[in-house]
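Peer 1: Those protein sequences? They're chains A and B, same order as listed.
For the first sequence, our numbering gives the first residue as 1, with consecutive numbering after it.
For the second sequence, our numbering gives the first residue as 1, with consecutive numbering after it.
No lab work stands behind these hints, which were simulated from the structure alone.
Treat the hints with care, since some could be wrong.
Keeping only pairs whose Cα atoms sit at most 20 Å apart, straight-line, the calculated EDC-like set for lysine to aspartate or glutamate is [said to hold, decoys possible]: (1) Lys75(B) to Asp97(B); (2) Lys404(B) to Asp97(B); (3) Lys213(B) to Asp22(A); (4) Lys191(B) to Asp152(A); (5) Lys312(B) to Glu388(B); (6) Lys213(B) to Glu168(B); (7) Lys61(B) to Glu388(B); (8) Lys138(B) to Glu124(A); (9) Lys364(B) to Asp137(B); (10) Lys79(A) to Asp137(B); (11) Lys100(B) to Glu124(A); (12) Lys100(B) to Asp131(A); (13) Lys138(B) to Glu146(A).
Here are some chain A residues the structure puts well away from chain B; computed CB gaps all over 12 Å [to be verified]: (14) Arg3; (15) Phe31; (16) Val73; (17) Pro81; (18) Gly99; (19) Val128; (20) Gly135; (21) Arg143; (22) Pro144; (23) Glu146; (24) Ala171; (25) Ala178; (26) Val227; (27) Val291; (28) Val294; (29) Leu304.
Using N, Cα and C, we set each Cβ at its ideal position, and we do this for glycine too.
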Amino acid sequence: MTRFWIGAVAVIAAGLLLAMTDIIANSFWFFAAYVVLQYVVLATAWNIMGGYMGYVNFGSAGFFAIGAYTAIVMYNLIKAPLLVMIPLSGVVCGLMGLGMGYLTLRLRGVYFAIGTLALAVVLETLMVNWDYVGGATGAYVIRPREMEPFGDYVKFLTFVMLVLAVIAVAAARWVERAKFGRGLHAIRDDELAAECAGIPTLRLKLIATTLSGFLMGVAGAPFPLYVGFVEPVSAFNLAYAVNAIAMPMIGGTTMWAGPVIGALLLGTAQQIANVTISSELNLLIVGLVLVLFVTLAPEGIVGLVRKYFGRGR
Amino acid sequence: MLSLNRRGLLAGAAALGAAALIAGAPAKAAEPIKVGFSMALTGGLAGAGKSALIAMQIWEKDTNAAGGLLGRPVKLIYYDDQTNAATVPGIYTKLLDVDKVDLVVSGYGTNLIAPAMPIMMQRNLTFIALFGLAVNDKFNYDRYFQILPAGPKPITDWSRGFFELAMEQDPKPKTIALVGADAEFAKNAVKGARIHAKNYGLEIVYDGSYHPKTPDFTPIVRAIQARKPDVVYVGSYPPDSVGMVKAATEIGLKTKLFGGGMVGLQYATIMTALGPKLNGIVNYDFWVPEPTLNFEGVEAFLAKYQAAAKGKGVDPLGYYLPTYAHAYLEILGQAVKATNSLDHGKLAEHMRATTYDTVVGKVKFAPNGEWAKTRTLMVQYQDIKDNELDTFAKAGTRVVLYPKEWASGKIRYPYTEAK
Numbered sequence: 001m002t003r004f005w006i007g008a009v010a011v012i013a014a015g016l017l018l019a020m021t022d023i024i025a026n027s028f029w030f031f032a033a034y035v036v037l038q039y040v041v042l043a044t045a046w047n048i049m050g051g052y053m054g055y056v057n058f059g060s061a062g063f064f065a066i067g068a069y070t071a072i073v074m075y076n077l078i079k080a081p082l083l084v085m086i087p088l089s090g091v092v093c094g095l096m097g098l099g100m101g102y103l104t105l106r107l108r109g110v111y112f113a114i115g116t117l118a119l120a121v122v123l124e125t126l127m128v129n130w131d132y133v134g135g136a137t138g139a140y141v142i143r144p145r146e147m148e149p150f151g152d153y154v155k156f157l158t159f160v161m162l163v164l165a166v167i168a169v170a171a172a173r174w175v176e177r178a179k180f181g182r183g184l185h186a187i188r189d190d191e192l193a194a195e196c197a198g199i200p201t202l203r204l205k206l207i208a209t210t211l212s213g214f215l216m217g218v219a220g221a222p223f224p225l226y227v228g229f230v231e232p233v234s235a236f237n238l239a240y241a242v243n244a245i246a247m248p249m250i251g252g253t254t255m256w257a258g259p260v261i262g263a264l265l266l267g268t269a270q271q272i273a274n275v276t277i278s279s280e281l282n283l284l285i286v287g288l289v290l291v292l293f294v295t296l297a298p299e300g301i302v303g304l305v306r307k308y309f310g311r312g313r
Numbered sequence: 001m002l003s004l005n006r007r008g009l010l011a012g013a014a015a016l017g018a019a020a021l022i023a024g025a026p027a028k029a030a031e032p033i034k035v036g037f038s039m040a041l042t043g044g045l046a047g048a049g050k051s052a053l054i055a056m057q058i059w060e061k062d063t064n065a066a067g068g069l070l071g072r073p074v075k076l077i078y079y080d081d082q083t084n085a086a087t088v089p090g091i092y093t094k095l096l097d098v099d100k101v102d103l104v105v106s107g108y109g110t111n112l113i114a115p116a117m118p119i120m121m122q123r124n125l126t127f128i129a130l131f132g133l134a135v136n137d138k139f140n141y142d143r144y145f146q147i148l149p150a151g152p153k154p155i156t157d158w159s160r161g162f163f164e165l166a167m168e169q170d171p172k173p174k175t176i177a178l179v180g181a182d183a184e185f186a187k188n189a190v191k192g193a194r195i196h197a198k199n200y201g202l203e204i205v206y207d208g209s210y211h212p213k214t215p216d217f218t219p220i221v222r223a224i225q226a227r228k229p230d231v232v233y234v235g236s237y238p239p240d241s242v243g244m245v246k247a248a249t250e251i252g253l254k255t256k257l258f259g260g261g262m263v264g265l266q267y268a269t270i271m272t273a274l275g276p277k278l279n280g281i282v283n284y285d286f287w288v289p290e291p292t293l294n295f296e297g298v299e300a301f302l303a304k305y306q307a308a309a310k311g312k313g314v315d316p317l318g319y320y321l322p323t324y325a326h327a328y329l330e331i332l333g334q335a336v337k338a339t340n341s342l343d344h345g346k347l348a349e350h351m352r353a354t355t356y357d358t359v360v361g362k363v364k365f366a367p368n369g370e371w372a373k374t375r376t377l378m379v380q381y382q383d384i385k386d387n388e389l390d391t392f393a394k395a396g397t398r399v400v401l402y403p404k405e406w407a408s409g410k411i412r413y414p415y416t417e418a419k
C-alpha cells in the first residue's frame with residue numbers, strides 16, 4: 001500500500017469518525033466543509049482536461065448543474081436515494097463530456113473554451129424551459145432530517161462528498177501516472193506532434209473529457225439535497241466555473257495535489273469571507289489571487305514548492 | 001525584560017478568571033436577544049436587500065430605545081447571502097451554531113428563503129419569511145409565516161384582483177395575452193393568471209415567455225399587439241418591466257387593461273425614470289401613500305427610513321419592501337412580548353392565533369403561514385405629469401382599486417384612454 005492510499009484511507013476514516021460522532025458538535029463546520037470538498041471534486045475534474053490535456057473548459061457550471069438536475073429527475077421519478085443519484089448523474093455528465101470531446105475534433109484553444117461556455121448557456125436555457133425539473137420556477141428537494149448512523153443528514157452529505165473527493169483525486173493521480181496521462185501531456189504540449197508520434201489523440205481526449213464530465217456531474221448530484229431548492233440561476237452560477245478554473249491555477253495544474261491545495265485554500269478563504277467580511281468580496285479575492293498567481297507563479301503553489309524546495313512529487 | 005514563571009502564570013490566570021466571573025454576572029443579565037438572518041447585500045437583489053436592512057435596523061433601534069424585549073436589548077446578526085441560494089444553508093447554520101442566535105427570520109425572496117427551510121424544520125424553529133411566494137406549498141411546515149400579503153393561495157391570489165377588476169368592466173374583455181420572464185416569480189405570476197383566464201372564460205390569444213436578459217421588448221409587444229388582446233397580463237422583473245412599458249408606449253399598445261405582475265414599477269427610481277409612461281397601467285403593489293392605507297405608525301417609520309436611506313443608493317421612498325421588512329420584525333417582537341418567551345413553539349402558536357398591528361396594517365396568518373386573506377393591491381397609475389420623486393410620494397398617483405375595502409379611487413378604462 002503506497003503512502004497515497006494510506007493517506008486516503010486515513011482521511012476517510014477520520015471523516016467517518018467526525019461525521020458519526022459529536023466530536024464536532026457544531027454543524028456549521030460540516031456545511032462549510034461540504035462546500036470546500038465539492039470544490040475539491042470540481043477543481044480536480046477540471047484539471048484532468050485543463051491541466052493535463054490543455055483544453056480549457058469554461059462550462060464547469062453546466063456539468064455541475066446537469067449533475068444536480070439529473071438528481072432532481074431521479075428524485076421526481078422514484079425518490080431515488082443519494083447513492084443512486086450520484087452514479088447516474090456521473091454517467092449523464094460523462095456522456096455529455098464525451099459529446100464535448102467530439103467538439104475537440106473541430107475546436108481547439110480559445111475556440112474550444114468559447115464552445116464550452118456556449119454549452120453551459122444552452123444547457124441553462126434547456127433547464128429554464130423544462131418544467132419537469134422546476135423550469136425557471138425552481139425545484140424543491142426535501143432532504144431527510146436524519147441518516148443513520150450519522151444523525152444529521154448534512155453530516156452524511158459531507159462524508160459522501162469527502163469520499164467523492166478522495167475518489168476524484170485518486171482518479172486524477174491515476175491519470176497523471178498512467179501512460180494515458182503522458183499521452184494527455186503530449187497533447188497539451190503539441191497536439192499535432194503527438195498525433196504524428198502515434199498517440200491516439202482523439203481516443204485519449206474522449207476518455208479525458210468523459211472522466212472530467214463524470215466527476216463534475218458527481219460533484220453536482222448531492223447539491224439539491226444540500227440546498228433544498230434548485231433553480232437555474234443558482235445551479236449554473238458563475239462561481240462554479242470561475243472557482244473550477246481558479247483553484248487548479250492557484251494550486252498548480254501539473255499534478256493532482258495542485259487542485260486539492262487550491263480548492264482547500266480558496267474554498268476555505270471563501271467560506272470565511274462569507275461570514276466575516278460578508279460580501280461578494282470573495283469573488284474579488286479569487287480574482288486577485290488568480291491574477292497574482294498567473295503573473296508571479298504560473299505553475300501555482302506546487303510549482304513554487306518545486307522551485308524553492310526542489311521537490312513536489 | 002518581562003519574565004514569567006509558572007507560579008506567576010497561575011496567579012495571573014486565577015486573577016483573570018475571577019475578574020471574568022465578576023464581570024460576567026451583569027453581562028449575562030443584559031445579554032442581547034439575537035435575531036439572525038441572511039440578506040442580499042450584493043448580487044442581483046442587493047438594492048432591495050439593503051433597503052430591507054435599513055428598515056430592520058430602524059426596528060432594532062426603536063425596540064432598544066423602548067427597553068428591548070423581555071428586558072434585554074435586541075441585536076440583529078446578519079450575513080450577506082450574495083443573492084446566491086447556495087450560501088444560505090451555511091449562513092443559517094453559522095447563525096444558529098456559532099453565533100447562537102435566539103430567533104431567525106429570512107432573507108429577501110423565494111430563492112433565498114427556500115434553502116433555509118430544511119434547517120428550520122430540522123430544528124423546529126419559528127421562521128418568518130420576507131417576500132416568498134408559495135414556499136410552504138412543498139414543505140407544509142407549521143412554524144413558517146410569511147409577510148408578503150399574497151393570501152392563502154399565493155399563486156392565484158396574487159393576480160385575483162387584476163382579473164376581478166377586468167371582469168367588472170363594461171364591455172367585458174374576451175381575450176387576453178399572457179407574457180412573462182423565464183424566472184421564478186414571473187413564471188408563478190403568469191401561471192396564476194393562466195388559471196384565472198381559464199376560469200373566467202377568457203380566450204388566451206398570446207401565451208409567451210422571454211429570456212430575463214432580453215434587451216429589446218419591441219418585438220414582443222408587436223407580437224402581442226398583432227393578436228389584439230383585450231387584456232395584457234405581464235409577469236416581469238424590474239429591467240424587463242421597464243423595457244415592456246417603454247415598448248408599449250413607443251408602439252402605442254392598444255388594449256383595455258395592461259399590467260398585472262410587473263415587479264419594479266413600485267420602486268421610486270423606476271417610477272421617476274418612466275414618469276407619465278406609467279399612466280393607465282394597472283399593477284400589483286403592497287403599500288402606497290393613499291389615505292385608505294395610512295396605518296398607525298407607517299408615516300413615522302417612513303420618515304425615519306427616508307432619512308436613513310439618503311445617500312445610500314437604495315429606494316428613497318421605502319414603500320414597497322421596507323415597510324414589510326419592518327412589519328415582520330414587529331410581529332416577531334410582539335409575539336415575544338405576548339408570550340414572554342423565546343420558545344419557538346409558543347411563538348408559532350401565538351402567530352397562528354393572533355392578529356398583529358403593524359405599519360402595514362393588521363396581519364393575520366392562515367394555517368399555511370400565508371396571509372389569511374390577500375391584500376395584494378391593484379393600483380392604477382393616474383395623473384402623472386412629470387418625473388419628480390415628489391409626484392410619487394403624494395396620494396392620487398397610484399390609486400388603489402382592489403381590494404375594495406382599501407380602494408381610494410376608480411379605474412380609468414380602457415388603457416388606451418387612461419394613458
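Peer 1: Against this structure, judge whether each hint is valid.
Peer 2: Verification of the supplied hints:
1. Distance hint between lysine 75(B) and aspartate 97(B) is fulfilled; the C-alpha atoms sit about 16 Å from each other, no more than 20 Å.
2. Restraint check for lysine 404(B) and aspartate 97(B): the C-alpha separation of about 47 Å exceeds 20 Å, so the hint is violated.
3. Proximity of lysine 213(B) to aspartate 22(A) is assessed by CA-CA distance (about 47 Å); at most 20 Å being required, the pair is judged violated.
4. This hinted pair does not check out: lysine 191(B) and aspartate 152(A) have alpha carbons roughly 36 Å apart, beyond 20 Å.
5. Simply put, lysine 312(B) and glutamate 388(B) have alpha-carbon atoms about 19 Å apart, close enough for the 20 Å limit, and the pair holds.
6. A hinted pair counts as satisfied when its Cα atoms are at most 20 Å apart, and lysine 213(B) with glutamate 168(B) does not qualify at roughly 35 Å.
7. Proposed proximity of lysine 61(B) and glutamate 388(B) is contradicted: the alpha carbons are some 31 Å apart, above 20 Å.
8. With a C-alpha separation of about 24 Å, the suggested pair lysine 138(B) and glutamate 124(A) falls outside the 20 Å cut-off, and the hint is violated.
9. Simply put, lysine 364(B) and aspartate 137(B) have alpha-carbon atoms about 18 Å apart, close enough for the 20 Å limit, and the pair holds.
10. Distance restraint check for lysine 79(A) and aspartate 137(B): the Cα-Cα separation of roughly 18 Å lies within the 20 Å cut-off, and the hinted pair is therefore satisfied.
11. Between lysine 100(B) and glutamate 124(A) the CA atoms are separated by roughly 38 Å; this puts the pair beyond 20 Å, and the hint is violated.
12. For the suggested pair lysine 100(B) and aspartate 131(A), the alpha carbons sit about 39 Å apart, so the restraint of at most 20 Å is broken.
13. Using a Cα cut-off of 20 Å, the hinted pair lysine 138(B) and glutamate 146(A) holds, with the two alpha carbons roughly 19 Å apart.
14. No Cβ of chain B approaches the Cβ of arginine 3(A) within 12 Å, the least distance being about 33 Å, so the stated non-interface status holds.
15. The beta carbon of phenylalanine 31(A) sits about 4 Å from the closest Cβ of chain B, which is not more than 12 Å, so the claim that it is off the interface is violated.
16. With a least CB separation of 17 Å from chain B, valine 73(A) remains clear of the 12 Å interface cut-off, as annotated.
17. Against the 12 Å criterion, proline 81(A) stays outside the reach of chain B, whose nearest CB is about 17 Å from its own CB.
18. The Cβ of glycine 99(A) lies farther than 12 Å from every Cβ of chain B, with a closest approach of about 24 Å, so its non-interface assignment holds.
19. In this structure valine 128(A) is not separated from chain B by more than 12 Å, as the shortest Cβ-Cβ distance comes to only about 5 Å.
20. Listed as a non-interface residue, glycine 135(A) fails to keep its Cβ farther than 12 Å from every Cβ of chain B; the least gap is roughly 6 Å.
21. Separation of arginine 143(A) from chain B is inadequate, the least Cβ-Cβ distance of about 6 Å not exceeding the 12 Å criterion.
22. With a minimum CB-CB distance of about 9 Å to chain B, proline 144(A) fails to clear the 12 Å threshold, and the non-interface call is violated.
23. Here glutamate 146(A) does not stay apart from chain B, with its beta-carbon only about 8 Å from theirs, under the 12 Å limit.
24. The claim that alanine 171(A) lies off the interface holds: its Cβ sits roughly 25 Å from the closest Cβ of chain B, which is beyond the 12 Å cut-off.
25. Listed as outside the interface, alanine 178(A) is consistent with that label: its C-beta sits roughly 34 Å from the nearest C-beta of chain B, beyond the 12 Å cut-off.
26. Residue placement check: valine 227(A) does not keep its beta carbon more than 12 Å from all beta carbons of chain B (closest about 5 Å).
27. A cut-off of 12 Å between C-beta atoms confirms that valine 291(A) is not in contact with chain B; the least separation is 20 Å.
28. Distance to chain B confirms valine 294(A) as a non-interface residue, since its nearest Cβ pair spans about 24 Å, more than 12 Å.
29. Residue placement check: leucine 304(A) keeps its beta carbon more than 12 Å from all beta carbons of chain B (closest about 30 Å).
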